[in-house]
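Visitor: Sequence:
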Amino acid sequence: MSNFKLLKNICKNINLFYIDDKSEYSNTLFKSIKSHFNACSLNNYEFNILDKFNNNHDNLIICNISNNGLLNNHLIEQLKSISNRILIILALPVKSDLSHYDKLKQNNEIFSFDKSNLNAASNVISSSIKYINKTNAVYDLENKVSHFMKILELYDETIIASIMDKDGKIKYATSAFSRISGYSKEELISKKHNIFMHAIYDKKSFRAISKAILRGKVWKGELKNKKKNGEEYWVYATISPEYDNSNMLIGYTSVRQDITEKKHIETISITDALTNLYNRRHFDIMFKSEIKNSCRHRYTLNFILLDIDFFKQYNDTYGHQAGDEALIKVAACIKDTFKRPDDYTFRVGGEEFAILFNVELKKDAIFLANKLRINIQSLGIKHKNSEVAKNLTISAGLIQIKQNPKNETILLYKKVDEALYIAKNEGRNKIHFKK
991 MSNFKLLKNI
1001 CKNINLFYID
1011 DKSEYSNTLF
1021 KSIKSHFNAC
1031 SLNNYEFNIL
1041 DKFNNNHDNL
1051 IICNISNNGL
1061 LNNHLIEQLK
1071 SISNRILIIL
1081 ALPVKSDLSH
1091 YDKLKQNNEI
1101 FSFDKSNLNA
1111 ASNVISSSIK
1121 YINKTNAVYD
1131 LENKVSHFMK
1141 ILELYDETII
1151 ASIMDKDGKI
1161 KYATSAFSRI
1171 SGYSKEELIS
1181 KKHNIFMHAI
1191 YDKKSFRAIS
1201 KAILRGKVWK
1211 GELKNKKKNG
1221 EEYWVYATIS
1231 PEYDNSNMLI
1241 GYTSVRQDIT
1251 EKKHIETISI
1261 TDALTNLYNR
1271 RHFDIMFKSE
1281 IKNSCRHRYT
1291 LNFILLDIDF
1301 FKQYNDTYGH
1311 QAGDEALIKV
1321 AACIKDTFKR
1331 PDDYTFRVGG
1341 EEFAILFNVE
1351 LKKDAIFLAN
1361 KLRINIQSLG
1371 IKHKNSEVAK
1381 NLTISAGLIQ
1391 IKQNPKNETI
1401 LLYKKVDEAL
1411 YIAKNEGRNK
1421 IHFKK
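Residue numbers for the sequence shown follow the working numbering, so the first one is 991 and each next one is one higher.
I should point out that these hints are in silico values taken from the structure, not numbers from a laboratory.
One or more of the hints may lead you astray.
Stated by the list, open to error - Each pair of labels, with its calculated beta carbon distance range:
1) K1042 to Y1121: 21 to 31 Å
2) T1399 to A1322: 25 to 35 Å
3) K1353 to K1319: 45 to 55 Å
What the hints assert, rightly or not - Subject to a maximum C-alpha distance of 27 Å in a straight line, what follows is the list of computed BS3-like cross-link-like pairs (lysine-lysine):
4) K1424 to K1325
5) K1374 to K1329
6) K1414 to K1425
7) K1218 to K1329
8) K1319 to K1392
9) K1329 to K1352
Positions of the beta carbon are idealized from the N, C-alpha and C atoms, including for glycine.
Build the full structure now, drawing on both the sequences and the hints.
Guide: This is how it looks when you write it as structure tokens:
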């Protein structure tokens, strides 16, 4: 029985469930093979023997078939219920009718050898274990592929992602991307990503994306997009360059997270409830940020601080409800006049508004400020107790902020407030530029 030594390597991870018919052969076989298995359990040949079988623990059944026909038939019926991943080897009586066991093979891999040829046992056990190991490997691979396909399906349904060529044309888009954008997958393919850009797309973000990608870096940030029907939505995007084996840029991948609800909540917290302009809290944040950006990107920041002329008298004359309506109209005019992506408009006090915008030349800044003044007066909001005009007017201070990282917001605000004060003292309905 020295052939059984060949089993040592292939059986070391196998747990054996051995059914003993108490024959001399059975005892000899068990003694020869038990040391080569990870674990063995010796079980007597009886009516409900498989009640002891552990489907989660045992990998192999070796069953010595006895001459008891009734018991054999019952055992075969039990074996048929065993998982198809359990290997079954039958030690058959001499000259057994193998067709008697064919119905076992419907659900299980069955191997057998004749008890009259003991030397065949080792070869049958070793070859059958190798076979079932290969089968299990395929089964495991199929499970992994199935699991991977489920992950891909989940990815397609839940992740807003796309793959683009180096010209920005979409080559692949997930179902989630299709849903949020309102375009079908067929409509998305070969389209450029700029179809999602909002009408007032943040040019600074676009420049930052291009700069990062050209340098081979990943860009992350918030973007405002538009759907096929024109509706706005916000995403947090991660855009990564893709290279071929020669390190040549071949395209980009984009993964987005829908943050529309988050941005809505955020917008409420930074927006003046009456006028829908940004509030004073957001002005304080953006003023500091824009000063830093103007230094980093080397542009001139302009600051207008304006006040509605004789607004207290307007409220006293027409009532606070009319005063609120006037503030709403003035705010809408400000927003309509300064509507570029880099223009920021704020309500910083009762009837006081602030504007941050980017033009290089002093004459252009003064022109825009006066355009706003004329537009507001042209709204035709009657103000019979104004001392400067029949309609509602504004006075404004204007300063240009040159690139200087040492600029302090408090001093700059004081400077533009002084310019506003001068505009009022000069008769109101004026713009005063202060160097």
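Visitor: Against the structure shown, which of the earlier numbered hints fail to hold, in ascending order?
Guide: Numbers 3, 5, 8 - these are the hints that the structure violates, sorted from lowest upward.
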